[in-house]
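K.L.:
Can you build the whole structure from these sequences, using the hints too?
The listed protein sequences correspond, in order, to chains C and Y.
Per my numbering, the very first residue in the first sequence carries number 653; after that it's consecutive.
Per my numbering, the very first residue in the second sequence carries number -18; after that it's consecutive.
What the hints contain is simulated information worked out from the structure, not anything from laboratory work.
Note that the coordinates shown come from a computational prediction; the quantities given were computed from them, not determined experimentally.
You may find that some hints are simply not true.
Said to hold, decoys possible - Pairwise CB distance ranges, derived in the manner of DEER restraints:
| hint | chain 1 | residue 1 | chain 2 | residue 2 | range |
| --- | --- | --- | --- | --- | --- |
| 1 | C | P1228 | Y | V77 | 57 to 67 Å |
| 2 | C | I757 | Y | T32 | 24 to 34 Å |
| 3 | C | R1144 | Y | S321 | 52 to 62 Å |
| 4 | C | G1257 | Y | D323 | 45 to 55 Å |
| 5 | Y | S(-8) | C | A1268 | 51 to 61 Å |
Claimed, not checked - Here are some, though not all, of the chain C residues that point toward chain Y, as calculated from beta-carbon distances under 8 Å:
| hint | residue |
| --- | --- |
| 6 | R752 |
| 7 | H787 |
| 8 | H838 |
| 9 | S937 |
| 10 | M942 |
| 11 | R1003 |
| 12 | Q1009 |
| 13 | G1245 |
| 14 | S1248 |
Just so you know, even glycine gets a beta-carbon here, dropped at the ideal spot from N, CA and C.
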Amino acid sequence: MSAAPAYSEDKGGSAGPGEPEYGHDPASGGIFSSDYKRHDDLKEMLDTNKDSLKLEAMKRIVAMIARGKNASDLFPAVVKNVACKNIEDPNQLIRASALRVLSSIRVPIIVPIMMLAIKEAASDMSPYVRKTAAHAIPKLYSLDSDQKDQLIEVIEKLLADKTTLVAGSVVMAFEEVCPERIDLIHKNYRKLCNLLIDVEEWGQVVIISMLTRYARTQFLSPTQNESLLEENPEKAFYGSEEDEAKGPGSEEAAATTLPARKPYVMDPDHRLLLRNTKPLLQSRSAAVVMAVAQLYFHLAPKAEVGVIAKALVRLLRSHSEVQYVVLQNVATMSIKRRGMFEPYLKSFYIRSTDPTQIKVLKLEVLTNLANETNIPTVLREFQTYIRSMDKDFVAATIQAIGRCATNIGRVRDTCLNGLVQLLSNRDELVVAESVVVIKKLLQMQPAQHGEIIKHLAKLTDNIQVPMARASILWLIGEYCEHVPRIAPDVLRKMAKSFTAEEDIVKLQVINLAAKLYLTNSKQTKLLTQYVLSLAKYDQNYDIRDRARFTRQLIVPSEQGGALSRHAKKLFLAPKPAPVLESSFKDRDHFQLGSLSHLLNAKATGYQELPDWPEEAPDPSVRNVEVPEWTKCSSREKRKEKEKPFYSDSEGESGPTESADSDPESESESDSKSSSASGSGESSSESDNEDQDEDEEKGRSSESEQSEEEGKKRQMKKRKKVPEGQGGGSSSDEGSDSSSSSSESEMTPETEEEQVEPASWRKKAPPSSKSAPAAKEISLLDLEDFTPPSIQPVSPPAAVSTSLAADLEGLTLTDSPLAPSLLSPVSGVRKQELLHRVAGEGLAVDYTFSRQPFAGDPHMVSVHIHFSNSSDTPIKGLHVGTPKLPAGISIQEFPEIESLAPGESATAVMGINFCDSTQAANFQLCTQTRQFYVSIQPPVGELMAPVFMSENEFKKEQGKLTGMNEITEKLTLPDACRSDHIVVQKVTATANLGRVPCGTSDEYRFAGRTLTSGSLVLLTLDARPTGAAQLTVNSEKMVIGTMLVKDVVQALTQ
Amino acid sequence: MIHSLFLINSSGDIFLEKHWKSVVSRSVCDYFFEAQERATEAENVPPVIPTPHHYLLSVYRHKIFFVAVIQTEVPPLFVIEFLHRVVDTFQDYFGVCSEPVIKDNVVVVYEVLEEMLDNGFPLATESNILKELIKPPTILRTVVNTITGSTNVGDQLPTGQLSVVPWRRTGVKYTNNEAYFDVIEEIDAIIDKSGSTITAEIQGVIDACVKLTGMPDLTLSFMNPRLLDDVSFHPCVRFKRWESERILSFIPPDGNFRLLSYHVSAQNLVAIPVYVKHSISFRDSSSLGRFEITVGPKQTMGKTVEGVTVASQMPRGVLNMSLTPSQGTHAFDPVTKMLSWDVGKINPQKLPSLKGTMSLQAGASKPDENPTINLQFKIQQLAISGLKVNRLDMYGEKYKPFKGIKYMTKAGKFQVRT
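P.N.:
Listed below in structure tokens is the structure:
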């Protein structure tokens, strides 16, 4: 202890940091006696960046704690040093763990440090650390809610993150910290929709439920039109008020004001959400499936909601807890959308091994689903249930039968008879339940059922369940004129046992007595007085009150009270029949799948599902930064044009159809690819190649309908390949600025239009819309739906690159190359299909538009241009009975009804040439004539460009050697030596995409044949002297040879 | 989100609790016990119980209640799904998930739970990642740990969390590269009294056990993919590929996993492989009832039906049964009134039957319900829907894996009403 003063002096003297004396042995007494007031310098020591000083300080703090001194005010400094050190660790996992540890310390004093750490981590390079930062946000918020504003800033920043890893966590933070700040979502909406499929399951659930709420505030109700048109007939048919009362107020209001409204057009963003969530119905996680189901239920147009039924029914196979939750939701849905689950009626049949709570819920669903057509089967099923050993379940079944009987008039008598038979059941519970239900049913048509009432009256001797006794008494009282002889007798019996009855029975006895007194006072006067006297001295004040009140009312007193004159009216007024309805009715004002819905009560923190807005908020808020010239106006214009598309295709995009038609067209190519891989199996190298090939094929076969999904898939596969992002955009590659004006109008809307050629045709007469307008739209579109294509014009190209980065979070390492990646396509020449003279005034040209054909990715899309130079209208233009060589198939264009003289029209058809240059022969029919025409494709049109990096190209090329390589030497004419011209000539000849190339005098192009998806790689090695060598590598040797010929011809001309 | 987790055994003891936020007192479970009492049977305990300040969400598996405590609105399936994932993880780690095993491995259990949730939000739920973080206990490791005092926490940080394929760890190595797929189909059916099918459907799963080195990319194709009506995938399956080509293309997780579960379209008639002939009669006024059931093969596609068991819940009025089986063993529990008969293989030449009498409560009238017969059976080497795997190809790795595919048909919820 003697060292102590020396030590403290020592310390005081050398306050400056960096003194070696601090390295004392902690075990020496000096430390244990160190002064209390030395905290300040401890803090300083901890704050220095010398490790030795920090260590020393830590030792002293430990010593302090060991002596029981309070060192808590040093805590932040310690934390900062210990945890924060790791926060700067080069290993991202350690950084993340450090942040996790730091944020788990629930001590208010470290809030500022935590805030700093979160902010830092939010801009960390590693997405995993950013994810941890997102996780830490709610922790800090629960610790200190004053930090909200700062945290919102961090959330905003993280919301803009483009990685799937972060998305789920940050939306979770958003929901906990600032769910009301819906404005933060706008800019990220499309990105979230697009990322969704790759986010981990838990994140998906959170994002989907947030987006549901978002969509409710931003889009218009898709059902507003339908509510008038479709619901009405149904209502009339079933004559139930159910549907009417159910719709949320706004919907009804919308429906009534509908005529004044312009027709509904679904916002493309709304569509995007529906489309991107649909595949998640196939998720293995019940929570995700449920989340998508509720999204569809709340957001989708009526016609599309059906897709969720199958997935929900699948969940019924899962654990009983899952079943329980799902059935609750199905019960609610089935009230509003009965048709949706009707095909799955049998899946809700009850097994004796189901737990009772599941049984009751299934029963609920079965009852909701029962209608005129299926009621016989449902009732037969119920008959089985009534014999179950589980009495609670039997009681529920009886209730269900009652509900079926009230809802479906046709079976009311059958049900009633069945229930009456149950009255002889030995189980009292069953009988009692039956009585209660019969009472309700009888109330609907009492006149015809005197017999049943008599039967019930006899039961009073046996039934002991109070509710049932009360029901019988009420029935007899109410309909005493139907059973004039029995009623007084029943009263007599009841009067005898009055004192022993339960309260509700007593009340009904008084009731019965009063009613009988009014109708048949001669026989029952004394009895009534006796009962009333008994009741007067009852223990229950309710009964005493009732007795007093009844006596005053029915027994005429001296004053002749005004009321007693009306007693009969009061007691025997016709009473409306009760409505037996589901307890799940109206539950859908809670968001389905939520805890609140399950409990039918608002849970803490429940976010109301907002009603649809009357007017759609500005959709442009979701536009991600685009250059100035992207105006809202162009957007609206586009919307106008889309109308026919959405209204028409609703049915078409139905689930079953697309699912069925897809494999059909695919099967052909399937067999091909399998044979190819079969041959390649002997050597492992070609196995590899197969894989790539298959992958590529998968890519190219993805139609543009769902491009962004495809893109994500690719992203997964090819994260390392920056060019991968271009792959999906092949659809836009073919956009041709020099083609006819109608085509350029086509370009921007590949997405929507090709899906529905009919609507396209309506707009076919080339409008006067200028090309730049079209271009604006095109960019908007890109940023909406499709992976951005890279345009030959440089300013838009720059834009789209940035968009690419936005959408995919990929790093575009070769961005300088990007603009030149894609060659300008100008080679789309018009070819004549039918000459004006031969066609008697009908001239037909065709062009290969080089756009993917919407219906089938294997098809070459051909634009056919009709013009009528005769002086009579040509009617009913269509394709008639094609005679096609094996393998070739045609997707006909929709019939053109009429073509006025002097007018022209354009249509699109798809031809699958099966990778051959055989001509497709078909007839072009008008109402009066038939013309035999044929389209023979140049070999260059049988392929679509693909995008690959130089390395990939070389790798692929390495695999396609020997027989698969065709080389030709040529001399380039002088006119043909500039980069631009060479590229133009090649791409004009063949629909190939340019591959970036390191050396200046080499050109590389890549494509895939449309049908089999075989790679076609073209290399042109041009010396400055003019000598050049053309190499084509392709699995399809015939195509390779022909292509070489064509290209050489094009270049040397 | 998820605040705390309590594990409760069937006798009502809380034997493990874990809190991810602040500590919630055990007393919150009293509400659960109340509900449990009311429900009489374990499976009837409502999965969601509201209490004044919390909500209790529970799942019941392996005779253990997993009760999660939450405080704010959260999709109930989210929590339920997570709890099931916890159970699956335990099973994966310890082989079985039972009270003694959890108690034995309490350290690992805590470590795993800590990693699975961060502040109540799921963090790492893929078993592959978890196993890298926290090694599953083996006998050897337990011994080493006890001696050296080390833990099961992996000394290397998992990289799976960061990779594009979060379900697969990197650097997998096997000397024998094998990939096995089990196509298992279950028939759910309700057969009515007269033997006609009320409802029957086939649910199938493909379970895989893949032990392949490196990062293999597998492709599985079917001869008749159209059969599959409704499918749900492991996240590894490329959905687009399935949509367009009906091919399962995926980078598999390491080890056992469920690749796919499917439902066979309802249009296809379901072949019912067995029939049950039954005559169960109670007579009024007599205290004896007759009981006879015979099980026979129906549409078995030439395969043997094996592993047949019959179970039936008899009415409460049945006091005892004296039965003689023609094969197999039977038992009747007079307390639960559960009759079970382990039949074994069905020999089409000599159909197994169970005959005898039931003694009923004297004086009581005959029960008005008839028991339902629950059937279990197995048929090897047959997928009853006719689903066939066409081929399995592997890309991305050079070696030749050993591939195997097994088919099996089982009874799912197969009930015969009498």
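K.L.:
Next step is simple, just say for each hint if it's right about the structure.
P.N.:
Results of checking the hints against the structure:
1. Our hint of 57 to 67 Å for C/P1228 and Y/V77 holds, since their Cβ atoms are close to 60 Å apart.
2. Under the hint 24 to 34 Å, the C-beta atoms of C/I757 and Y/T32, about 29 Å apart, fit the expected range.
3. Separated by about 55 Å at the C-beta atoms, C/R1144 and Y/S321 satisfy the suggested range of 52 to 62 Å.
4. Checked against the hint of 45 to 55 Å, the C-beta distance between C/G1257 and Y/D323 comes to roughly 52 Å, which is consistent with it.
5. Roughly 59 Å separates the CB atoms of Y/S(-8) and C/A1268, a value that falls within the hinted 51 to 61 Å.
6. Proximity of C/R752 to chain Y holds as hinted, the smallest CB-CB distance being about 6 Å (cut-off 8 Å).
7. This hint holds: C/H787 has a C-beta 5 Å from the nearest C-beta of chain Y, less than the 8 Å allowed.
8. Of the supplied interface hints, the one on C/H838 is violated, with its beta-carbon coming no nearer than about 24 Å to a beta-carbon of chain Y, more than 8 Å.
9. Taking 8 Å as the C-beta contact cut-off toward chain Y, the hint placing C/S937 at the interface holds, the least distance being around 6 Å.
10. Below 8 Å, beta-carbon pairs count as interface contacts, and C/M942 has one with chain Y at about 5 Å; its hint therefore holds.
11. With its C-beta approaching chain Y no nearer than about 5 Å, C/R1003 sits inside the 8 Å limit, and its interface hint holds.
12. Annotation: C/Q1009 was flagged as interfacial toward chain Y, and the flag holds, the nearest CB pair being 6 Å apart, inside 8 Å.
13. Annotation: C/G1245 was flagged as interfacial toward chain Y, and the flag holds, the nearest CB pair being 5 Å apart, inside 8 Å.
14. At about 6 Å, the closest approach between the beta carbon of C/S1248 and any beta carbon in chain Y falls short of 8 Å, and the interface hint on this residue holds.
Hint compliance for this structure: hint 8 is the single one not met.
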